[in-house]
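Chemist: Throw the hints in and build the complete structure from the sequences for me.
There are 2 protein chains.
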Amino acid sequence: MQPRPRTIPEATVARLAVYLRVLTTLADGGRSTVSSGELASAAGVNPAGLRKDLSHLGPCGVRGVGYDVGALRDRLTGVLGVGSARACVLVGIGNLGSALADYAGFGTRGFEFVGLFDASPARIGQRIGDLEVRGLDELEDVVTTTGASIGVITTPAEVAQTVCDRLAAAGVRSILNFAPVPLAAPAGVDVRKVDLSVELQVLAFLGQQRVPALAGNETVGESA
Amino acid sequence: MQPRPRTIPEATVARLAVYLRVLTTLADGGRSTVSSGELASAAGVNPAGLRKDLSHLGPCGVRGVGYDVGALRDRLTGVLGVGSARACVLVGIGNLGSALADYAGFGTRGFEFVGLFDASPARIGQRIGDLEVRGLDELEDVVTTTGASIGVITTPAEVAQTVCDRLAAAGVRSILNFAPVPLAAPAGVDVRKVDLSVELQVLAFLGQQRVPALAGNETVGESA
DNA sequence: GGGACTTTGTTCCTGCGTTCACAAGCGGCT
DNA sequence: AGCCGCTTGTGAACGCAGGAACAAAGTCCC
Chain A
1 MQPRPRTIPE
11 ATVARLAVYL
21 RVLTTLADGG
31 RSTVSSGELA
41 SAAGVNPAGL
51 RKDLSHLGPC
61 GVRGVGYDVG
71 ALRDRLTGVL
81 GVGSARACVL
91 VGIGNLGSAL
101 ADYAGFGTRG
111 FEFVGLFDAS
121 PARIGQRIGD
131 LEVRGLDELE
141 DVVTTTGASI
151 GVITTPAEVA
161 QTVCDRLAAA
171 GVRSILNFAP
181 VPLAAPAGVD
191 VRKVDLSVEL
201 QVLAFLGQQR
211 VPALAGNETV
221 GESA
Chain B
1 MQPRPRTIPE
11 ATVARLAVYL
21 RVLTTLADGG
31 RSTVSSGELA
41 SAAGVNPAGL
51 RKDLSHLGPC
61 GVRGVGYDVG
71 ALRDRLTGVL
81 GVGSARACVL
91 VGIGNLGSAL
101 ADYAGFGTRG
111 FEFVGLFDAS
121 PARIGQRIGD
131 LEVRGLDELE
141 DVVTTTGASI
151 GVITTPAEVA
161 QTVCDRLAAA
171 GVRSILNFAP
181 VPLAAPAGVD
191 VRKVDLSVEL
201 QVLAFLGQQR
211 VPALAGNETV
221 GESA
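Line by line, the protein sequences give chains A and B. Here the first sequence is numbered in my numbering, starting from 1 and rising by one per residue. Here the second sequence is numbered in my numbering, starting from 1 and rising by one per residue.
Take these hints with a grain of salt, some might be off.
Identical copies carry no separate label here, and so any pair may be met within one copy or between two of them.
[To be verified] The calculated SDA-like cross-link candidates involving lysine to any residue, where the alpha carbons are at most 25 Å apart (straight line), are:
1) K193 <-> G125
2) K52 <-> D165
3) K193 <-> A14
4) K52 <-> T146
5) K193 <-> E38
6) K52 <-> Y103
7) K193 <-> R51
8) K193 <-> G105
9) K52 <-> L206
10) K52 <-> Q208
11) K193 <-> R15
12) K52 <-> V142
13) K193 <-> P47
14) K52 <-> Q209
15) K193 <-> G81
16) K52 <-> G147
17) K52 <-> S35
18) K193 <-> T25
Note that these hints are calculated values from the structure, not bench results.
Modeler: Right under this line is the structure:
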C-alpha cells in the first residue's frame, strides 16, 4: 500500500537533477507550464523516458496541458533533498580542488563548502572564496562540528584511501572521489567516482574507431 | 571472417582505460604477470567482468598463469589509441579550465593541450604551464594548424553551443563538455558530458534516501 | 610421462534501462 | 452539453550490461 516504491533508479535520479536545472531556468524566465516534449528536448533526453522518470514521484502533470513549472521544480527540490543546504568538505586543494571550491554551480544548488583541507603547509592558511584552507589534522573536528555529510576528495591517489577512511570515521556518509583509485568504504557510505582522464580516453577511442567508417555529416544528432 | 567484432561497448572501453592505468603502475613496479583476480581487485571490478572485457580484443592471457603485464599494457595502449599523443584544445579558462590545463593526469596519458582559449581580454596572454591563453578568434587557425582532434569545453553554459559549433566546423571530432547544457553536434562528432553538480545531487539523494534504512556498518564493500 | 591444479575464455542467465506504442484524462471549441 | 485534439501516464518489447558457473588449456609436480 505504498503508492510509490521507495527506490528510484540511480540513472533516473541523475536525470531528475538535470530536469530541476532546466525548470529553474524556465521559472526564472516567467514560464508557467511545460510539456514533456519541450522539457525533454531542453534536457537532451527522450520524452517518453522523461515521463517515466517523473512517474516515479507520482502523478505531477495535467493531461492535455503539461507540467506546472513551479510545482514540479518544488517537487524535485524536495525529492532530491536540496531544500536545505548540505554541508560539504573538500580535501586536497590542488588545481582541481581550488576550482571546485570556487565553482559557482555548487553553491547555487544547495551545497555549501564548510571546510577546505590540505596536507601541504604551503597551502594552509590560503583563502579561497570566503574559506581558509586548514590542515588535515582539523578534519575530524570540522566534520563533527558542522555535521558535514558529504566529502569531496581531490588528493593524489596515494592518500585518497586514507582520507576516505578518516571521512567515513568522522561521520561523512557520501563521498565524491576524483582520485584515480577505487575506494573501499564502510557499508552505509556511498562513493561516487569521477575520472577525468578516462573520459578523454573514451573519447579518443571513439574518435579513432570512427575513422575507418568515414561517416557522413549531413544530419544533426543530439548528444547529452 | 573477422576474428573480433569491431564494436566494443562503451562501458567496456571506460574500464579498459582503468586497466591500462593499473597495468602501467604494475609495470613500473617491475611486475611481469598478473591474474585476472588481482587486476580486477586493483581496478575495483568483478574478475569475470574483467576477463569478458579483455576478451573483446582476442585472447591475450595464458591459462594457468595470467596476463603478461607489459604485453597487455601495449595491447591496450594500441586499442585505446593513445600510442601517439593526441592534440587537444581547451576553451574557457576559468577556474575549472585552468585546473584541467594543469592537470598532470592528461599529459601523462597521451593527451597534450596545444591551445587554450578564452573570450575575456583579462585572461588572454596569461600563461598556464607552457601555453599562453589566446583569444577565441584564433580558435579555427590553431585547430587547423595543429590538427587537434579533441576539444574540451569549460565555458559558461550560454556560449557552449556556439563553441561546440565552431570546434566541429574547424575539424574537431571529439568534444568533452563540462558546461551544464546538452550540446547538439553534427554526425561524426562525439560529445561526452561531465556534470559535476549532478554528481553531487545524486550523492545527496542517496544519502537522504538511506537515512530511514538505518543500515548497519559491519561489512566492507568495494565502491568504484 | 601422466595427473592434478590453476587460470583463462566463454556461455548462460538474470535484471535493468530504454524505447515504442496505446489507453486514459483534461481543456477548449462549437 | 458534446466532441475533438492534445498531453500525460503506463504497459510491453527490445537491447544491453553484469554476474555466476562451466569447459578448455597450460603449467607444475610426482
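Chemist: Against each hint, give a clear statement of whether it holds in the structure.
Modeler: Outcome of the hint check:
1. In this assembly of identical chains, the alpha carbons of K193 and G125 never lie at most 25 Å apart, being 28 Å within a copy and 34 Å across copies at closest.
2. For the identical chains of this complex, K52 and D165 are neighbours neither inside a copy (38 Å) nor across copies (32 Å), given an alpha-carbon limit of 25 Å.
3. Taking the shortest alpha-carbon separations for K193 and A14, both the intra-copy value of 14 Å and the inter-copy value of 13 Å come in at or below 25 Å.
4. Taking CA atoms no more than 25 Å apart as the test, K52 paired with T146 passes in neither setting, with 37 Å inside one copy and 45 Å between copies.
5. In this assembly of identical chains, the alpha carbons of K193 and E38 lie at most 25 Å apart only when taken from different copies (21 Å versus 31 Å within one copy).
6. In this assembly of identical chains, the alpha carbons of K52 and Y103 never lie at most 25 Å apart, being 32 Å within a copy and 39 Å across copies at closest.
7. In the homo-oligomer, the alpha carbons of K193 and R51 lie at most 25 Å apart only across protomers (22 Å), although the nearest pairing inside one protomer, at 28 Å, exceeds that limit.
8. Proximity of K193 to G105 under the C-alpha cut-off of 25 Å is found in both arrangements, the shortest distances being 18 Å within a copy and 15 Å between copies.
9. Proximity of K52 and L206 under a CA criterion of 25 Å is satisfied inter-copy only: 20 Å between copies versus 30 Å inside one chain copy.
10. Taking the shortest alpha-carbon separations for K52 and Q208, only the inter-copy value of 22 Å comes in at or below 25 Å, while the best intra-copy value is 35 Å.
11. Taking the closest pair of Cα atoms, K193 and R15 come within 25 Å of each other both inside a single copy (17 Å) and across two copies (13 Å).
12. Taking the shortest alpha-carbon separations for K52 and V142, neither the intra-copy value of 41 Å nor the inter-copy value of 44 Å comes in at or below 25 Å.
13. Taking the shortest Cα distances, K193 and P47 sit within 25 Å of each other only across copies (20 Å), while inside one copy they are farther apart (28 Å).
14. When the C-alpha separation of K52 and Q209 is checked against a cutoff of 25 Å, the pair qualifies only between copies, where the shortest distance is 20 Å, while the shortest distance within a copy is 34 Å.
15. Taking CA atoms no more than 25 Å apart as the test, K193 paired with G81 passes in both settings, with 20 Å inside one copy and 24 Å between copies.
16. With identical chains, the CA atoms of K52 and G147 are never at most 25 Å apart, being 35 Å at best within one copy and 43 Å at best between copies.
17. Taking the closest pair of Cα atoms, K52 and S35 come within 25 Å of each other only inside a single copy of the chain (14 Å); across copies the shortest separation is 43 Å, beyond that limit.
18. With identical chains, the CA atoms of K193 and T25 are at most 25 Å apart between copies only, with a shortest distance of 19 Å across copies and 28 Å within one.
Of the numbered hints given earlier, the model fails hints 1, 2, 4, 6, 12 and 16; all others are met.
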